[in-house]
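Each protein sequence line maps, in turn, to chains W and G. Numbering follows the working numbering, with no gaps: position 134 of the first sequence is 134. Whatever position you read off the second sequence (first residue = 1), add 176 for the working numbering.
Honestly, the hints are just simulated from the structure, not real lab data. The model shown is predicted, which means the values in this text are computed figures rather than measured ones. For each residue, glycine too, the CB sits at the ideal point set by N, CA and C. You may find that some hints are simply not true.
One side only, chain G facing chain W, incomplete, derived with CB under 7 Å [stated by the list, open to error]:
1) Tyr277
2) Leu321
3) Glu331
Chain by chain, the residues:
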Amino acid sequence: MGREVSESCVESLLTEMVSSYCNQFYANKPELAARRIEAIGYDVGHRLSERYTMERPRFSDHLEAIKFICKDFWSELFKKQIDNLKTNHRGTFVLQDNRFRWLSRMSIDPSPENTGLSQDSSVALAENKATQATNMYLYFPCGIIRGALSNLGIPCAVSADISNLPACSFVVRIKA
Amino acid sequence: MQFFGGSEISPSLPASTAAGNNAHMIYVFNRNGVCLLYREWNRPVRTLNAQQDHKLMFGLLFSLKSLTTKMDPTSLEKRNLGVPQLPGQGCSFHSFHTNTYKLSFMETPSGIKIILVTHPRTGDLRDPLKYIYNLYVEYVVKNPLYTPGTPIRFELFNTALDQYVRSLS
Chain W
1 MGREVSESCV
11 ESLLTEMVSS
21 YCNQFYANKP
31 ELAARRIEAI
41 GYDVGHRLSE
51 RYTMERPRFS
61 DHLEAIKFIC
71 KDFWSELFKK
81 QIDNLKTNHR
91 GTFVLQDNRF
101 RWLSRMSIDP
111 SPENTGLSQD
121 SSVALAENKA
131 TQATNMYLYF
141 PCGIIRGALS
151 NLGIPCAVSA
161 DISNLPACSF
171 VVRIKA
Chain G
177 MQFFGGSEIS
187 PSLPASTAAG
197 NNAHMIYVFN
207 RNGVCLLYRE
217 WNRPVRTLNA
227 QQDHKLMFGL
237 LFSLKSLTTK
247 MDPTSLEKRN
257 LGVPQLPGQG
267 CSFHSFHTNT
277 YKLSFMETPS
287 GIKIILVTHP
297 RTGDLRDPLK
307 YIYNLYVEYV
317 VKNPLYTPGT
327 PIRFELFNTA
337 LDQYVRSLS
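This is chain G alone, in the form it adopts within the complex (with noise of 0.2 Å):
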């Protein structure tokens, strides 16, 4: 009992504030699963190396979203557990929130998904999240350099997107 309710034993803010940005990292995945940005401001441990981490990030979202679907009450569906669906199908998963961190997820209707971690007392990032796709458009979509499908390196959309997370709440 006492370990969920002493705040001595919790952990503290992380120091991610103080360093001047309020986020952890951010992943964009296309639909194939291919991680198209892995972007990380604050991240003191890391347990795997990045290629098994983002497996099992994208991994993970395409468990809960199966999940989620299957699980829903008010759904008349009959769908079995682990057939992939279409996006924007079932139910749309938002956000889980832990002890020390928040994820939040968006997916949009061409199969981008965007998870933003962050600490766990931040609000709803639904719009942030709408935000910061509105950049990927801008700045990647738009730039005639990029071929779709390879991994985004480029210095305006780096630019932009930091300055935008350093101003979350």
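Here chain W stands alone, though its shape is the one from the complex (with noise of 0.2 Å):
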């Protein structure tokens, strides 16, 4: 569709929006700048959701416009479509995704400093922290698939779960 950008800038942007909103602009409180980086991931899934339906119909129903988010739009923003689909049929859809782009590089400290606490508890303290580090990184694509949807005529929450990396799925709850 025209102009192309480089696909390390918009990860190295992308990147930098996250840590100025949890490091700078809502330096303590977390959940602030979550809401944030999910509002911009919403205009930004609702615009893009408008442009790559142009030339289709109106969907026929729910499951219609998911499987259009797993598909098509799944493939022109990762250039792969979501490798497994699951639902409850009662409005949940689980969406995984077993590589997904923007999370292929993250990796953490594999030995823990020792700080005088026993093994056990640093090994859990560092993964905590790598957890909501790499969590921050997910509000931006929640936001994203619940603008699109919201622009489709379907309300959701839409949330993330990273039980193992580096597949990664996206709850979808669809409001009655």
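Relying on the hints, combine the two individually framed chains into one complex.
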């Protein structure tokens, strides 16, 4: 669709955005930072879904819209489709990406430093901090999905789950 | 004369290939001399503690670069020995080898220095060092959790590095 931007630039911009919101603008208020980042994602998703559904007819039901997100929308954003889609047929969908592009380079310290704590609790502490940091980077894609779906007329809530990296699951709950 | 000639006197090939890894150790420094990474796979003898070892290595490279630039017969510049040079200026020295090991070196324009110590019969390692620099860019520089200038402690980078070094001939 015309001009292109280098992928490293976009990823560096996203990294810096999260870092600025978490460490500078809302330094000790992670919930506010998260909400701001998610709001930015909402706007972006809203506009992107407008673009990518230009020549398509209206979606017949919620499942069609979610399938659009999984296939066409995800391919435009990440050059691949969602690998696994699960639903409970009652308004909850789980979109699983086995190798989420924006998380593919995140990695943590394998051996925590000894700070006088016992081995178990220091490992847990290091993992907890890494998980918190990683979660911050997921608010943006959650916002994108929420924005895209709400532009298609489906209000919902989206959260992310990273129990096994590098696979990442997005849980979409449609508001009845 | 016999000392350098006889195969029974010179040391045999180290057991690194038997242990499954082809290199002894690797150092990565940034332009300020901070040791970002030190990883060893096969180092039977250690004479200094870690801090001194890193300082010695960095100092050695700094002096070698100065020396090679000063002794360059093709260069027209008149530079005093010991003046710090920008990365890329002067001669870029690649490697030296002794009877027990070979040390290969690469410096990038951003001042990142990669040093790989391997067994003496290794070939030219300039391309492998470039590949290792690519690994560094992919898994460290582009990692959102990394703060530049701090030591590298990342699982993904360590794994990728180990795998690559193991595959070197």
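Hint check results:
1. Tyr277: Where the cut-off is 7 Å and the nearest Cβ of chain W is about 27 Å from Tyr277 of chain G, the hint is violated.
2. Leu321: 6 Å, holds
3. Glu331: For Glu331 of chain G, the interface hint holds, since the closest Cβ of chain W sits about 5 Å away, which is under 7 Å.
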